[in-house]
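There are 2 protein chains.
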Amino acid sequence: MQNTNMQTLAVDLGDRSYPIYIGSDLLSNPDVYAPHIHGKQVMIVTNDVVAPIYLEDIKKALKGYRVDTVILPDGESHKDLTTLNKIFDALLEHRHNRTTTLIALGGGVVGDMTGFAAASYQRGVNFIQVPTTLLSQVDSSVGGKTGVNHPLGKNMIGAFHQPQAVIADTDTLETLPLAEMAAGMAEVIKYGLICDSDFYDWLQESVASLISGDAELLAEAIYRSCENKAKVVSQDEREGGIRAILNLGHTFGHAIEAHQGYGSWLHGEAVGAGMMMAADLSARLGVLSDGQVLKLRRLLQAAHLPVEGPKDMSCDDYISRMAVDKKVLDGTLRLVLLKQIGEAYVTSDVPSTLLLETLMACGAKAS
Amino acid sequence: MQNTNMQTLAVDLGDRSYPIYIGSDLLSNPDVYAPHIHGKQVMIVTNDVVAPIYLEDIKKALKGYRVDTVILPDGESHKDLTTLNKIFDALLEHRHNRTTTLIALGGGVVGDMTGFAAASYQRGVNFIQVPTTLLSQVDSSVGGKTGVNHPLGKNMIGAFHQPQAVIADTDTLETLPLAEMAAGMAEVIKYGLICDSDFYDWLQESVASLISGDAELLAEAIYRSCENKAKVVSQDEREGGIRAILNLGHTFGHAIEAHQGYGSWLHGEAVGAGMMMAADLSARLGVLSDGQVLKLRRLLQAAHLPVEGPKDMSCDDYISRMAVDKKVLDGTLRLVLLKQIGEAYVTSDVPSTLLLETLMACGAKAS
Numbered sequence: 074m075q076n077t078n079m080q081t082l083a084v085d086l087g088d089r090s091y092p093i094y095i096g097s098d099l100l101s102n103p104d105v106y107a108p109h110i111h112g113k114q115v116m117i118v119t120n121d122v123v124a125p126i127y128l129e130d131i132k133k134a135l136k137g138y139r140v141d142t143v144i145l146p147d148g149e150s151h152k153d154l155t156t157l158n159k160i161f162d163a164l165l166e167h168r169h170n171r172t173t174t175l176i177a178l179g180g181g182v183v184g185d186m187t188g189f190a191a192a193s194y195q196r197g198v199n200f201i202q203v204p205t206t207l208l209s210q211v212d213s214s215v216g217g218k219t220g221v222n223h224p225l226g227k228n229m230i231g232a233f234h235q236p237q238a239v240i241a242d243t244d245t246l247e248t249l250p251l252a253e254m255a256a257g258m259a260e261v262i263k264y265g266l267i268c269d270s271d272f273y274d275w276l277q278e279s280v281a282s283l284i285s286g287d288a289e290l291l292a293e294a295i296y297r298s299c300e301n302k303a304k305v306v307s308q309d310e311r312e313g314g315i316r317a318i319l320n321l322g323h324t325f326g327h328a329i330e331a332h333q334g335y336g337s338w339l340h341g342e343a344v345g346a347g348m349m350m351a352a353d354l355s356a357r358l359g360v361l362s363d364g365q366v367l368k369l370r371r372l373l374q375a376a377h378l379p380v381e382g383p384k385d386m387s388c389d390d391y392i393s394r395m396a397v398d399k400k401v402l403d404g405t406l407r408l409v410l411l412k413q414i415g416e417a418y419v420t421s422d423v424p425s426t427l428l429l430e431t432l433m434a435c436g437a438k439a440s
Numbered sequence: 074m075q076n077t078n079m080q081t082l083a084v085d086l087g088d089r090s091y092p093i094y095i096g097s098d099l100l101s102n103p104d105v106y107a108p109h110i111h112g113k114q115v116m117i118v119t120n121d122v123v124a125p126i127y128l129e130d131i132k133k134a135l136k137g138y139r140v141d142t143v144i145l146p147d148g149e150s151h152k153d154l155t156t157l158n159k160i161f162d163a164l165l166e167h168r169h170n171r172t173t174t175l176i177a178l179g180g181g182v183v184g185d186m187t188g189f190a191a192a193s194y195q196r197g198v199n200f201i202q203v204p205t206t207l208l209s210q211v212d213s214s215v216g217g218k219t220g221v222n223h224p225l226g227k228n229m230i231g232a233f234h235q236p237q238a239v240i241a242d243t244d245t246l247e248t249l250p251l252a253e254m255a256a257g258m259a260e261v262i263k264y265g266l267i268c269d270s271d272f273y274d275w276l277q278e279s280v281a282s283l284i285s286g287d288a289e290l291l292a293e294a295i296y297r298s299c300e301n302k303a304k305v306v307s308q309d310e311r312e313g314g315i316r317a318i319l320n321l322g323h324t325f326g327h328a329i330e331a332h333q334g335y336g337s338w339l340h341g342e343a344v345g346a347g348m349m350m351a352a353d354l355s356a357r358l359g360v361l362s363d364g365q366v367l368k369l370r371r372l373l374q375a376a377h378l379p380v381e382g383p384k385d386m387s388c389d390d391y392i393s394r395m396a397v398d399k400k401v402l403d404g405t406l407r408l409v410l411l412k413q414i415g416e417a418y419v420t421s422d423v424p425s426t427l428l429l430e431t432l433m434a435c436g437a438k439a440s
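If you're matching them up, the sequences are chains C and Y in order. Using the working numbering, the first residue of the first sequence is number 74, and each one after it goes up by one. Using the working numbering, the first residue of the second sequence is number 74, and each one after it goes up by one.
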């Protein structure tokens with residue numbers, strides 16, 4: 074395909090390898106889809122916010138196929154088994170068979186649910202990710218994690234299922250609200266923090282331009298983020314070890330999201346506050362310097378991200394929610410912390426007094 | 074473990090290999106479980122018919138673990154996402170983590186749902202099958218197919234997920250109603266039909282003793298069935314090709330089950346009638362001899378299985394249900410038929426006139 078504005082990143086996972094296309098003018102280009110659709114049937118899964126903006130464009134690009142559509146309600150609060158079943162309803166009503174291809178058009182919620190539907194429909198069909206938010210372009214595009222929430226825990230029901238391709242069209246970021254741009258930046262910053270200090274330095278310089286929507290810089294940030302994530306994931310596809318570092322800030326963040334009710338804090342906002350907590354705790358353990366904690370605080374603020382948790386959460390609210398997090402093995406709380414900017418580590422050796430100090434320093438009530 | 078009444082069959086699937094233990098006195102023996110439980114948490118999933126009979130026995134065998142239980146309503150009509158969610162509820166309420174082991178205690182419905190819950194909970198945890206019906210001992214124990222039904226199609230939502238071990242205790246068959254014993258025999262007969270004519274001959278001789286519950290002969294029938302299925306599955310774990318022959322009678326059978334409402338015909342009964350239809354059609358195509366069709370009819374009857382479909386189904390009822398079956402690729406109906414006793418083949422080359430003749434010969438109304 075001819076597109077000078079496009080970069081391609083290969084995610085290397087053996088026979089489950091796939092490309093990520095990053096650039097402008099991709100969503101409506103038939104040539105980016107064609108090599109990755111192997112049957113005649115296509116089911117576009119999207120939501121009621123994204124559909125009015127992009128559905129017609131993508132349908133034009135898929136003219137050669139039998140295309141059906143299912144439009145889900147928007148938002149994390151609908152990321153559940155009931156909404157998932159609407160995808161199965163649509164697939165069966167329109168008699169899609171095992172050769173069908175699902176296309177996830179939207180943010181992370183649409184991507185996670187479409188991926189899980191693809192993993193489970195007739196025990197596994199193909200799907201393509203077309204992420205339309207910064208968060209989903211840098212985060213959900215790599216890793217194969219799919220799933221839905223349960224009232225008692227986020228992403229508790231799901232599967233590992235790799236897409237055939239990811240199409241990250243940077244033009245879609247033009248319509249993204251600032252809060253969602255900031256939420257995406259939380260994950261971008263995370264990749265710098267856990268494994269790429271050069272990228273972190275570049276982000277400190279570029280944060281204002283990125284937040285204001287500079288397409289060229291955004292494409293670079295997406296590429297570097299996906300590249301870093303792909304490196305980690307290809308070492309540990311099913312999260313037995315090293316992959317856990319991708320959860321920096323997430324154990325705290327999931328506690329915030331679960332307590333507030335999914336959707337009231339954006340995932341990226343909760344991760345932003347969570348990374349601040351991880352950095353604060355790393356400093357209290359004497360591992361990270363106070364200067365680096367302060368730099369992170371400034372970067373998060375420049376990215377319009379929260380550096381504290383919600384005011385109505387107590388330490389107990391955090392602890393009880395963190396205990397059910399998937400990173401907890403046999404009752405032992407394991408946390409991802411920072412040795413330095415650009416290097417994360419996993420530890421279960423965290424004195425609870427220090428954890429409580431961190432939570433209170435980051436806005437939690439004592440009880 | 075010391076148990077002279079036990080045979081072990083190894084299912085060879087590379088790093089997903091596992092043993093099937095077949096014999097008496099197994100369900101309450103701690104030694105058969107211990108090598109296959111890697112954490113401290115165990116969740117027994119069973120139903121309200123099986124629980125009163127076996128739950129206490131199995132709990133005694135699991136004394137060393139933190140055991141929780143979830144009891145589902147019995148029957149195929151409850152094999153759906155709503156009932157599946159009860160398993161997730163229990164796992165999260167009792168804070169089971171990724172190291173938990175699910176134990177499926179019951180028939181095929183419990184096994185399929187527990188397996189899918191294990192495949193999906195936190196994107197995959199371990200499980201052990203303890204099948205308590207003949208059907209589930211010979212069928213669900215091998216193959217890794219898990220899932221639930223959708224109102225528009227059977228087993229439409231699921232995953233491939235292999236157990237850590239299968240514990241087939243033949244003592245559990247003593248409490249099995251005759252209709253369920255017969256339903257299990259349908260799958261046993263299937264293995265003879267598709268790939269083992271010696272076994273088929275042995276079944277013709279042994280059918281009366283098997284149906285009346287001869288424990289030694291049943292253990293042999295279970296072993297040979299699982300062995301044949303394992304041979305096919307190990308060649309084609311995810312059903313890309315040869316594995317399709319395991320569906321002999323199932324495309325017809327699924328149409329019967331879907332039309333009648335899941336649970337009103339037992340799965341094995343529907344498969345029995347479906348195998349008769351497959352044989353009849355094979356004869357009409359000039360492949361199978363009329364003598365062999367007649368022999369199959371007698372064997373099914375001796376096993377107390379139906380040789381015709383339900384009286385209230387029309388040819389159209391079959392055709393429309395068969396078209397949505399998973400074996401249909403791109404709108405082409407593919408059927409598993411018989412070259413001879415002991416050899417199945419897959420074809421999409423079936424004149425619809427012959428198909429209609431078969432349906433009517435096997436009890437379907439013309440319209």
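Hints in this document: simulated from the structure, not taken from any laboratory. Small disclaimer: the values here were computed from a predicted structure and weren't measured. A hint or two may mislead.
To be verified - One side of the interface only, derived from the structure: several residues of chain C facing chain Y at Cβ under 10 angstroms:
#1 E129
#2 K133
#3 L164
#4 M229
#5 G231
#6 K384
#7 S387
#8 C388
All C-beta atoms, glycine included, are put in the ideal place defined by N, C-alpha and C.
Q. Against the structure shown, which of the earlier numbered hints fail to hold, in ascending order?
A. Hints 1, 2, 6, 7, 8 are the ones this structure does not satisfy, whereas the remaining hints hold.
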